[in-house]
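Each chain, written out:
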Amino acid sequence: MTEPGASNQSEGERQLRQLEQRRSDAMDSGDADTLNDVYAEEFQLVHGDGTLDDKRGAIEAARRVPRRVVAKRELSVRIFGDTALLTGPVGLAVTIDAEERTVQVYMTQIARVIEGRWQFIWAQVTLRARAGAAT
Amino acid sequence: MSSRELEGQNLMHQIELFDAALVAGDYECLRRCVSPNYMMINPLAQRLNKEAWLGWLRRDIRYHRIERNQVSNRVLGAVWIVTSEVRAVMSVAGLSNGEPGIHHTFRTELWVISADGLLLEHVHLTRME
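Residue numbers (the numbering used here), protein chains in the order written: chain A, 23 to 157; chain B, 114 to 242.
Keep in mind that the hints were calculated from the coordinates and are not lab data. Being a predicted model, the structure only gives us computed values, none of them experimental. C-beta atoms are modelled at their ideal positions from N, C-alpha and C, and glycine is treated no differently. Accuracy of the hints is not assured; some may be wrong.
[What the hints assert, rightly or not] Only some residues are given here: those of chain B computed to face chain A with a beta carbon under 8 Å:
1. R160
2. K163
3. L231
4. H235
5. H237
6. R240
7. E242
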């Protein structure tokens with residue numbers, strides 16, 4: 023792989039898991055500075071309803087709708103050179119109108135090496151099946 | 114035309130081929146289009162590997178029409194990322210009596226490794242609500 027300061031694939035995977043942990047912790051604590059750091063300028067987010075946000079919108083959405091991870095994420099990491107694919111389900115407690123709800127989502131993230139370090143450039147979320155939902 | 118532009122053209126052709134195979138129910142073509150490591154996140158947020166995905170298509174899904182809009186593709190080293198908005202007319206086992214009565218709009222993301230025959234590696238579908 024192209025080296026982001028990593029000596030091999032497993033080192034890259036370790037860095038990516040650490041990046042995701044930083045992002046997850048920042049979401050839990052509403053830490054906009056860390057989100058600003060882990061998201062590249064080109065970052066885009068597809069929310070569970072299919073709407074698209076840019077970096078600023080994604081950070082604002084995290085501030086507006088607090089969420090925290092309620093179950094440790096099963097994370098799969100694949101590295102293609104200086105680009106990586108992170109996938110896995112995650113359980114979130116989301117606060118909407120002062121009411122906390124638990125939702126299960128599946129998240130795909132893309133990270134790239136930018137100026138020597140991994141940053142997220144894309145994230146996409148799909149909500150777990152609801153009654154009556156099809157394909 | 115640069116080699117990258119040519120690869121981009123080939124990529125778009127491959128996507129058209131993929132969509133056509135979905136509508137035709139050409140499972141052998143679909144099997145050839147995707148990597149052995151292929152993974153799909155379907156709109157029910159289920160993770161399907163290659164065989165599970167092909168089984169799901171055969172068993173439950175029939176595409177009647179696929180329209181792909183706002184296609185964007187970027188090459189990132191060994192990987193192409195393609196994002197597009199997809200309008201699909203489809204029927205689903207147990208719903209609409211097999212008639213093409215279900216219309217969905219998805220945001221789709223495709224992963225393709227250019228170095229390995231433009232095989233599709235990963236698809237994630239999110240339905241527009």
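Q) Holds or violated: is there a CB of chain A closer than 8 Å to the CB of B:H237? A) Holds - the Cβ of B:H237 comes within 8 Å of chain A, reaching about 4 Å at its closest.
Q: Report holds or violated for the interface hint on B:K163, using the least CB-CB distance to chain A and a cut-off of 8 Å.
A: violated, 14 Å
Q: Let me know if the C-beta of B:R160 comes in closer than 8 Å to any C-beta of chain A, holds or violated.
A: holds, 7 Å
Q: Tell me if B:R240 is really an interface residue toward chain A, meaning its C-beta lies closer than 8 Å to one of theirs.
A: For B:R240, the interface hint holds, since the closest Cβ of chain A sits about 6 Å away, which is under 8 Å.
(Q) The hint names B:L231 as touching chain A; please verify it with the least Cβ-Cβ distance against 8 Å. (A) Check failed: Cβ of B:L231 comes no nearer than 13 Å to chain A, outside 8 Å.
Q | Status of the B:E242 interface restraint (C-beta, 8 Å, chain A) | A | holds, 4 Å
Q.
Does B:H235 hold up as a contact with chain A if the rule is Cβ-Cβ below 8 Å?
A. holds, 6 Å
Consistency note: the structure conflicts with the earlier hints numbered 2, 3.
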